[in-house]
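Protein chains: 2
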Amino acid sequence: MGKQFVKEITSMNEDFPQWYTDVVKKADLVDYSSVRGSMIIRPYGYALWENIKSALDQKIKETGHENVYMPLFIPESLLQKEKDHIEGFAPEVAWVTHGGEDELAERLCVRPTSEVLFGEHYKNIIHSYRDLPKLYNQWSNVVRWEKTTRPFLRTLEFLWQEGHTCHATDEEALEETVKMLEVYADICENLLAIPVVKGKKTEKEKFAGAKLTYTIESLMHDGKALQSGTSHHLGDGFAKAFGIQFTDQDGKEQYVQQTSWGFTTRIIGAMIMVHGDDRGLVIPPKVAPKQVMIVPIAQHKGGVLDFAYDLKEKLSKVARVDIDASDKKPGWKFNEYEMKGVPIRLEVGPKDIEKGQVVLARRDTGEKMVTPLENLEETIVQLLEKVQTSLYNKAKEHRNEHTYEAYTYEEFKQIFNEKQGFVKAMWCGNQACEEKIKEDTSVTSRCMPFDETAIAKACVCCKEEAQHLVYWAKAY
Amino acid sequence: MGKQFVKEITSMNEDFPQWYTDVVKKADLVDYSSVRGSMIIRPYGYALWENIKSALDQKIKETGHENVYMPLFIPESLLQKEKDHIEGFAPEVAWVTHGGEDELAERLCVRPTSEVLFGEHYKNIIHSYRDLPKLYNQWSNVVRWEKTTRPFLRTLEFLWQEGHTCHATDEEALEETVKMLEVYADICENLLAIPVVKGKKTEKEKFAGAKLTYTIESLMHDGKALQSGTSHHLGDGFAKAFGIQFTDQDGKEQYVQQTSWGFTTRIIGAMIMVHGDDRGLVIPPKVAPKQVMIVPIAQHKGGVLDFAYDLKEKLSKVARVDIDASDKKPGWKFNEYEMKGVPIRLEVGPKDIEKGQVVLARRDTGEKMVTPLENLEETIVQLLEKVQTSLYNKAKEHRNEHTYEAYTYEEFKQIFNEKQGFVKAMWCGNQACEEKIKEDTSVTSRCMPFDETAIAKACVCCKEEAQHLVYWAKAY
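Same order as they appear, the protein sequences are chains A and B.
Note that the numbering used here has the first sequence beginning at 1, numbered continuously upward.
Note that the numbering used here has the second sequence beginning at 477, numbered continuously upward.
Mixed in with the good hints there might be a few duds.
[What the hints assert, rightly or not] Distance condition first, Cα-Cα at most 20 angstroms in a straight line; then the derived SDA-like pairs of lysine to any residue:
#1 K224/A <-> T148/A
#2 K61/A <-> E886/B
#3 K61/A <-> S509/B
#4 K529/B <-> Y32/A
#5 K61/A <-> K123/A
#6 K81/A <-> Y508/B
#7 K599/B <-> Y32/A
#8 K53/A <-> D533/B
#9 K240/A <-> S509/B
#10 K317/A <-> E377/A
#11 K872/B <-> Y952/B
#12 K59/A <-> N906/B
#13 K502/B <-> D131/A
#14 K240/A <-> S510/B
#15 K537/B <-> K123/A
#16 K53/A <-> Y952/B
#17 K474/A <-> D131/A
#18 K900/B <-> E886/B
#19 K123/A <-> K872/B
These are calculated hints, taken from the structure and not from any lab test.
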């Protein structure tokens, strides 16, 4: 536990962005490469993504969706078919212009998202109301040519799933949009212990080509917001651009109503910034690649290692358990697995064996507990659940403490001058106010929450009649 | 079932390539898009890939490997670091030259494989013998700019896993190379019921940049061979190009010894061409997305549908079972699930219910069996196992029947004039003979099998002293 073992990372309160960069690197989540803006996701980081993917994929399938795989490349002419969409994405796509030695007749963009590919395919396979709904999902990589990048939060390439569905009616599409937002919220809150605010994006902030966009927004430790998942009701915009029609039960040709929704590796950044501390990562048990790390004490002494390995085998039936039996010092190991955010450390040495006990240390609180071997499996399971709940509650408390209300523009600006967080304030619905606020304060509208209970009658900016309650924040 | 229901597909013996194209389309495995040479993998095709991926991923993890994710793009200068490698891949990569509106200072290629990215990363993270072995794997998409393409078999973009490992010694790297080839062989033979020949590639056919390449080769229904998985011993070529060194136990700097190995969506093409027939796909039970399809007969009659759904629930505990309760005719359904290669069809109608029985129909043999409801779960499990074994045996028999031996060049040419298959023949080891054979007959060396028992003393081509037994074939 001595200070000499502590890997040097910047303190959160001193320099939060630097703390983040230190943690992702020192916890072995990512490495950099000579590919600007891209990251190497290392085994520990990728195991996190696999756990998230596996939980989300199960829910996507349980809600009736099927996985497919679309091409990586999109011909320029195809991308241009839906006007708002191309306007939104053209500035940030990568273009392939040569194949082998040959220049291509038409440029191909590397998919930034796949609405247009699904659009073309849906036109081919949807004919009748019997073909609806079509509920597809894709797990893939996408590329957006970002100028400034940070691991997980904003990278040239990222991994995600993108759902794309077609429905007979507007109501069904809306229902689907909300259903998938709820799935995302469930993954955030129950798997990642990240509380979210659910709501609708303003016109200004919605997805390029969508009729409306729903979002879940979470609050990081530094009081900045992070958009954690979005679900779009596309209406019939793409259907009209691509000619996706079906014959309804009365024999009439109709355009389908579509949705799309995405969840990305970005959420790992949120997990880090919501739960981490000055000793490194803190990973919620449900998503942790390793939930319990066994550190043998005085392992050179007879019987200790055998005992530790037996424990590992026994506990592996109820949790993801690993052991570090390397010849490094226990203090080094303590520090390493604290940096990596393993929820529980289990120490066992000769004296513990004699007394029929082990020591359990919680990563989140630092609490150490001498624990009898009897019913240890059950103790571990219960402790993991307790840690999970405790992390969620702590994050929710932090968010609530950093959620403010502003009634005047002066109050609004003052809050963001003095601190960071969500600010709830009323809005007239006019884009000019949104733009003014952004220009004055760098604050953006995060969402109009599902729970729209008004807190005042006038817009916080222009004082005209308010239409919506809005969560405002500076955002990643 | 009546001819009127049969979807029209070309007969295998009439035009095998057209049969293949018909099957992948009519069985809903793929669709085409406006992206030349790329395919859309539809839900039924992707479910196959998910089953293969899941089984292979488990074996990759069981053998101690960890999954990571590398960038999609490779800067041109990085790709050029290993000379043989760039020579092999330069003619077939896609080049990104623009990001958004800007021309890039350096072109990026879309990864055709990731040796150079792993090389750069390994240089960063390997320092001491304690860091070895490093056993990494990646699941990803790759792009190779092929001129002529066919779904699954050869596409611009495909999905795969690529393993990349570093070892302290040549022996360890060789052991790893063979171990992973055995894993691939196991997946082919036991999951996909495809018998394989294991062996070593000749210098001419080995991977660009490898010291040696191992391969598994399988034989399609039309007698052409398909390379089904390769595992490369890279030696220290990449290590020297990238400077991947470690301090050994004696304090000396050494270059690591590397391997790489890959298995792709191509194998789905092999599965189709090994097991399929004139009614469509035949999918081995272990990899089948749906193992049993329940088709209710006279489903409008009271109780039939309830009974069928109860059966589905009961059987779902032991197999992947689905039911088609749509209002389409049973004959249409029979044809549809035969086209899709579902291993067992279960028919149940009012008379069956009365008699406490169902009818089971095997896709592979067409055999229909009246089967008592009693112990139906066990019957189904056993029948699925029987079908799996039977498909493997049939494929092996077909391969053996189409494996010939040639002792003279006249015999060799005559065999390939009259029929297709593997031809075992001796080879002097001289590349000139390999090239002559390819020029004369379009036949390539598939591998020098692990079991190298000589069948003659002279090279089949030049009659000089033979060095190796070789499996020759025309190949996909």
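Hint check results:
no. : hint              : result
1   : K224/A <-> T148/A : holds (18 angstroms)
2   : K61/A <-> E886/B  : violated (58 angstroms)
3   : K61/A <-> S509/B  : violated (25 angstroms)
4   : K529/B <-> Y32/A  : violated (27 angstroms)
5   : K61/A <-> K123/A  : violated (23 angstroms)
6   : K81/A <-> Y508/B  : holds (18 angstroms)
7   : K599/B <-> Y32/A  : holds (12 angstroms)
8   : K53/A <-> D533/B  : holds (15 angstroms)
9   : K240/A <-> S509/B : holds (18 angstroms)
10  : K317/A <-> E377/A : holds (8 angstroms)
11  : K872/B <-> Y952/B : holds (19 angstroms)
12  : K59/A <-> N906/B  : violated (57 angstroms)
13  : K502/B <-> D131/A : holds (16 angstroms)
14  : K240/A <-> S510/B : holds (18 angstroms)
15  : K537/B <-> K123/A : violated (40 angstroms)
16  : K53/A <-> Y952/B  : violated (34 angstroms)
17  : K474/A <-> D131/A : violated (43 angstroms)
18  : K900/B <-> E886/B : holds (14 angstroms)
19  : K123/A <-> K872/B : violated (42 angstroms)
Of the numbered hints stated above, those contradicted by the structure are hints 2, 3, 4, 5, 12, 15, 16, 17 and 19, listed in ascending order.
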